[in-house]
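**Q** Sequence:
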Amino acid sequence: MTSLSPKGQPLTPDLTVYHRKPADFRHDNIRITEPPLVAVEIFSPTQGDQDVLDKVDAYLKSGVKTCCVVNPALRTITIYSADGVQKTYTEGEVVDPAIGLTANLDAVFS
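For the sequence shown, the working numbering begins at 1 and goes up steadily by one.
One should not assume that every hint holds.
[Stated by the list, open to error] Capping the alpha-carbon separation at 27 Å, the derived lysine-lysine pairs in DSS-like fashion look like this: (1) Lys21 / Lys61; (2) Lys87 / Lys61; (3) Lys65 / Lys87.
[What the hints assert, rightly or not] Label-pair ranges, simulated between beta-carbon atoms: (4) Ser110 / Pro10: 28 to 36 Å; (5) Ala23 / Thr102: 20 to 28 Å; (6) Leu53 / Arg31: 22 to 30 Å; (7) Arg31 / Thr90: 29 to 37 Å; (8) Gly92 / Ile32: 29 to 37 Å; (9) Phe109 / His27: 35 to 43 Å; (10) Arg31 / Asp106: 28 to 36 Å; (11) Ala23 / Arg75: 28 to 36 Å; (12) Pro22 / Leu74: 33 to 41 Å; (13) Pro10 / Glu91: 31 to 39 Å; (14) Val95 / His19: 14 to 22 Å; (15) Phe109 / Ser81: 17 to 25 Å.
Read the hints as simulated data drawn from the structure, not as lab findings.
Backbone N, C-alpha and C fix where the C-beta goes; we use that ideal spot for every residue, glycine too.
With these hints in hand, go ahead and build the complete structure from the sequences.
**A** This is the structure we're talking about:
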């Protein structure tokens, strides 16, 4: 589980992406404090926009390269980069500019 603590406030993204590392099952880490390459937040019906945007800002300030916000109700994915650029996808292929990760929007929401 990834737990980031910007400003002493623990935050746990819904999903994270890290560089591949060899598995060490004898010394498994319960909590990872190293920032991931990508943090993903998935909107829930009870979350407000500002709450999610505050998390995005906190993740990016913690060293995360990009943050993806998935909005199932609108069928969109918005990618926020550490350099302040954001892009919202409503169809086709989603491309993360920091690591080249791609996803087909139709497959994500099917």
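**Q** Next step is simple, just say for each hint if it's right about the structure.
**A** Verification of the supplied hints:
no.: 1; hint: Lys21 / Lys61; verdict: holds, 24 Å
no.: 2; hint: Lys87 / Lys61; verdict: holds, 18 Å
no.: 3; hint: Lys65 / Lys87; verdict: holds, 14 Å
no.: 4; hint: Ser110 / Pro10: 28 to 36 Å; verdict: holds, 33 Å
no.: 5; hint: Ala23 / Thr102: 20 to 28 Å; verdict: holds, 25 Å
no.: 6; hint: Leu53 / Arg31: 22 to 30 Å; verdict: holds, 25 Å
no.: 7; hint: Arg31 / Thr90: 29 to 37 Å; verdict: holds, 35 Å
no.: 8; hint: Gly92 / Ile32: 29 to 37 Å; verdict: holds, 32 Å
no.: 9; hint: Phe109 / His27: 35 to 43 Å; verdict: holds, 38 Å
no.: 10; hint: Arg31 / Asp106: 28 to 36 Å; verdict: holds, 35 Å
no.: 11; hint: Ala23 / Arg75: 28 to 36 Å; verdict: holds, 35 Å
no.: 12; hint: Pro22 / Leu74: 33 to 41 Å; verdict: holds, 39 Å
no.: 13; hint: Pro10 / Glu91: 31 to 39 Å; verdict: holds, 35 Å
no.: 14; hint: Val95 / His19: 14 to 22 Å; verdict: holds, 19 Å
no.: 15; hint: Phe109 / Ser81: 17 to 25 Å; verdict: holds, 23 Å
The earlier numbered hints are all upheld by this structure, with none contradicted.
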